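Undergrad: Chain by chain, the residues run as shown.
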Amino acid sequence: GAVVSQHPSWVICKSGTSVKIECRSLDFQATTMFWYRQFPKQSLMLMATSNEGSKATYEQGVEKDKFLINHASLTLSTLTVTSAHPEDSSFYICSARSDTTMGTEAFFGQGTRLTVV
Amino acid sequence: AQSVTQLDSQVPVFEEAPVELRCNYSSSVSVYLFWYVQYPNQGLQLLLKYLSGSTLVKGINGFEAEFNKSQTSFHLRKPSVHISDTAEYFCAVSDGYNQGGKLIFGQGTELSVKP
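Residue numbers (our numbering), protein chains in the order written: chain W, 3 to 119; chain U, -14 to 100.
Looking at chain W on its own, in the form it has when it is part of the complex (with noise of 0.2 Å):
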């Protein structure tokens, strides 16, 4: 199957600073990216999704200002959680398509822990 590949992997960073998570696509065109957030022991909630060259589609009760996605081209998503709190600590995954190559199927990257302190 194909290969979404998120970095970094766990990131520690302090409260009130900014972090970036990205998620590309290693041998697909991905031309629509989703992101999900998993809290421990929870499922995953879809937060957004980002289709390439246009703005993301927030899912209600997502701070599209405090979570911003970026999907500049067609290999790269970027979502990055500004001036992060403790609350945000939480575990992010991203997941990648292609319409036009890849069918039905949507490819996860491996996830990326957020811990804020």
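All clues stand as given, with none of them false.
Going by beta-carbon spacing under 7 Å, a handful of chain W positions derived as facing chain U: (1) T51; (2) I95; (3) G113.
Hints in this document: simulated from the structure, not taken from any laboratory. Remember, predicted model here, so these are calculated numbers, not experimental data. Even glycine gets a Cβ: it sits at the ideal position worked out from N, Cα and C.
We have chain W already, so just place chain U on it with the hints.
TA: Below, chain U alone, put in the same frame as chain W:
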């Protein structure tokens, strides 16, 4: 609106025993159903998916699932589990337009296989 309910939060089972992880969904439109496995601190790996056709779907690692439209269920089964199957399992649904992309996940079932 779509939703997914996984009926068991934890399923302990002995090695080589059969297992069934239950999933029910609700949707007003045609759905596409998925099962994913997640190992600790990792992303999700697709086990199997139902898009159309045969209601019995076979996936990787010996897992299979059956789509039952009348009962709105998509239960995951394996006839004989291994220690290595210990993980979190998620059932997910998407609508016809987005198919495999935008997913609504169930709460997850923690499968614990004991020797």
